[in-house]
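Novice: Chain by chain, the residues run as shown.
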Amino acid sequence: AAGVIQSPRHLIKEKRETATLKCYPIPRHDTVYWYQQGPGQDPQFLISFYEKMQSDKGSIPDRFSAQQFSDYHSELNMSSLELGDSALYFCASSLEGDTNIQYFGAGTRLSVL
Amino acid sequence: GENVEQHPSTLSVQEGDSAVIKCTYSDSASNYFPWYKQELGKRPQLIIDIRSNVGEKKDQRIAVTLNKTAKHFSLHITETQPEDSAVYFCAAAGVMYSGGGADGLTFGKGTHLIIQP
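Chains as they are written, first to last, in the numbering used here: chain U, 1 to 113; chain R, 1 to 117.
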């Protein structure tokens, strides 16, 4: 069965640079979520989109923005990167009105040097 | 916002014994409580979930109980095996089943489960 696809899997950036992470949800899923997980920590919810509209907002910094496109894929844009942004970034998707179970992608490991 | 407390942070049990992990939540509007298993560097994987209209759910060696009044839910793993060793996260969210999507999950801090051979 198709899963959530994230790209790239690994990303190395310098401080103050920008980064774009991509997420392709499971086919037919209409909701996408972004989470940030620091080393040894729990995943922290950043933001979600339902039918291309922002549906919930968590602890997303102002330096980050995200959107969901017409094909339901989503991108997380991160600017003015800081050392503390180094983390695993997970995307999850769900089908609204069905079970709303969130299925996670394999994640993007971002290292800011 | 929602706050989820999870205990214990580390749990070591003998292979074949049972393991119990407990969570409490603060927001009475939360109605969906999943449990995820995560191995080092891997994605969280759903192992079981429960919704607020159900008090207990079981899937083979895994069971979850929910007490809405006390805002408390627990994971029970019986006959533990070495492959059960991982970090387990409980989570809570509000879900609207008639449209409008679902909230992002609020996770507990995680329990590192160690199965001793």
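Note that these hints are calculated values from the structure, not bench results. You may find that some hints are simply not true.
To be verified - Not the full set, but computed from the structure, chain U residues with beta-carbon under 7 Å of chain R:
| # | residue |
| --- | --- |
| 1 | D56 |
| 2 | G58 |
| 3 | P61 |
| 4 | F104 |
What the hints assert, rightly or not - Derived BS3-like pairs (lysine-lysine); straight-line CA-CA distance at most 30 Å:
| # | chain 1 | residue 1 | chain 2 | residue 2 |
| --- | --- | --- | --- | --- |
| 5 | U | K13 | R | K109 |
| 6 | U | K22 | R | K57 |
| 7 | U | K52 | R | K58 |
| 8 | R | K109 | R | K42 |
| 9 | U | K22 | R | K22 |
| 10 | R | K109 | R | K71 |
| 11 | R | K68 | U | K13 |
| 12 | U | K57 | U | K22 |
| 13 | R | K71 | U | K57 |
| 14 | U | K57 | U | K15 |
| 15 | R | K57 | R | K68 |
| 16 | R | K57 | R | K22 |
| 17 | U | K52 | R | K42 |
| 18 | U | K13 | R | K42 |
| 19 | U | K13 | U | K57 |
| 20 | R | K109 | R | K58 |
| 21 | U | K15 | R | K109 |
| 22 | R | K42 | U | K15 |
| 23 | U | K22 | R | K109 |
| 24 | R | K71 | R | K58 |
| 25 | R | K68 | R | K22 |
Quick caveat, the model's predicted, so the values are computed rather than measured. Yeah, the Cβ is synthetic: ideal placement off N, Cα and C, and Gly gets one too.
Novice: State for each hint whether it applies.
Specialist: To see whether the hints hold, each was checked on the structure:
1. D56: Check passed: Cβ of D56/U comes within 5 Å of chain R, closer than 7 Å.
2. G58: With a minimum Cβ separation of about 5 Å from chain R (threshold 7 Å), the hint on G58/U holds.
3. P61: Status violated, d = 15 Å.
4. F104: Holds - the Cβ of F104/U comes within 7 Å of chain R, reaching about 4 Å at its closest.
5. K13/U x K109/R: Cα-Cα ~28 Å, so holds.
6. K22/U x K57/R: Violated, at about 35 Å.
7. K52/U x K58/R: 35 Å, violated
8. K109/R x K42/R: Roughly 17 Å separates the two Cα atoms, so the pair holds.
9. K22/U x K22/R: Since the Cα atoms of K22/U and K22/R sit roughly 35 Å apart, the hinted pair is violated (cutoff 30 Å).
10. K109/R x K71/R: Status holds; Cα separation ~17 Å.
11. K68/R x K13/U: Answer violated: K68/R to K13/U is near 45 Å, above 30 Å.
12. K57/U x K22/U: Holds - the C-alpha atoms of K22/U and K57/U are around 18 Å apart, at most 30 Å.
13. K71/R x K57/U: Status holds; Cα separation ~23 Å.
14. K57/U x K15/U: Satisfied, since the Cα-Cα distance of roughly 25 Å is no more than 30 Å.
15. K57/R x K68/R: At roughly 14 Å apart (the allowed maximum being 30 Å), K68/R and K57/R satisfy the hint.
16. K57/R x K22/R: 15 Å, holds
17. K52/U x K42/R: Satisfied, since the Cα-Cα distance of roughly 27 Å is no more than 30 Å.
18. K13/U x K42/R: Given pair K13/U, K42/R holds - Cα atoms ~21 Å apart, limit 30 Å.
19. K13/U x K57/U: 25 Å, holds
20. K109/R x K58/R: 23 Å, holds
21. K15/U x K109/R: Holds: K15/U and K109/R sit about 28 Å apart, inside 30 Å.
22. K42/R x K15/U: Answer holds: K42/R to K15/U is near 26 Å, not above 30 Å.
23. K22/U x K109/R: 26 Å, holds
24. K71/R x K58/R: With a Cα-Cα distance of about 19 Å, the restraint between K71/R and K58/R holds, given a limit of 30 Å.
25. K68/R x K22/R: Distance of about 14 Å is within 30 Å: holds.
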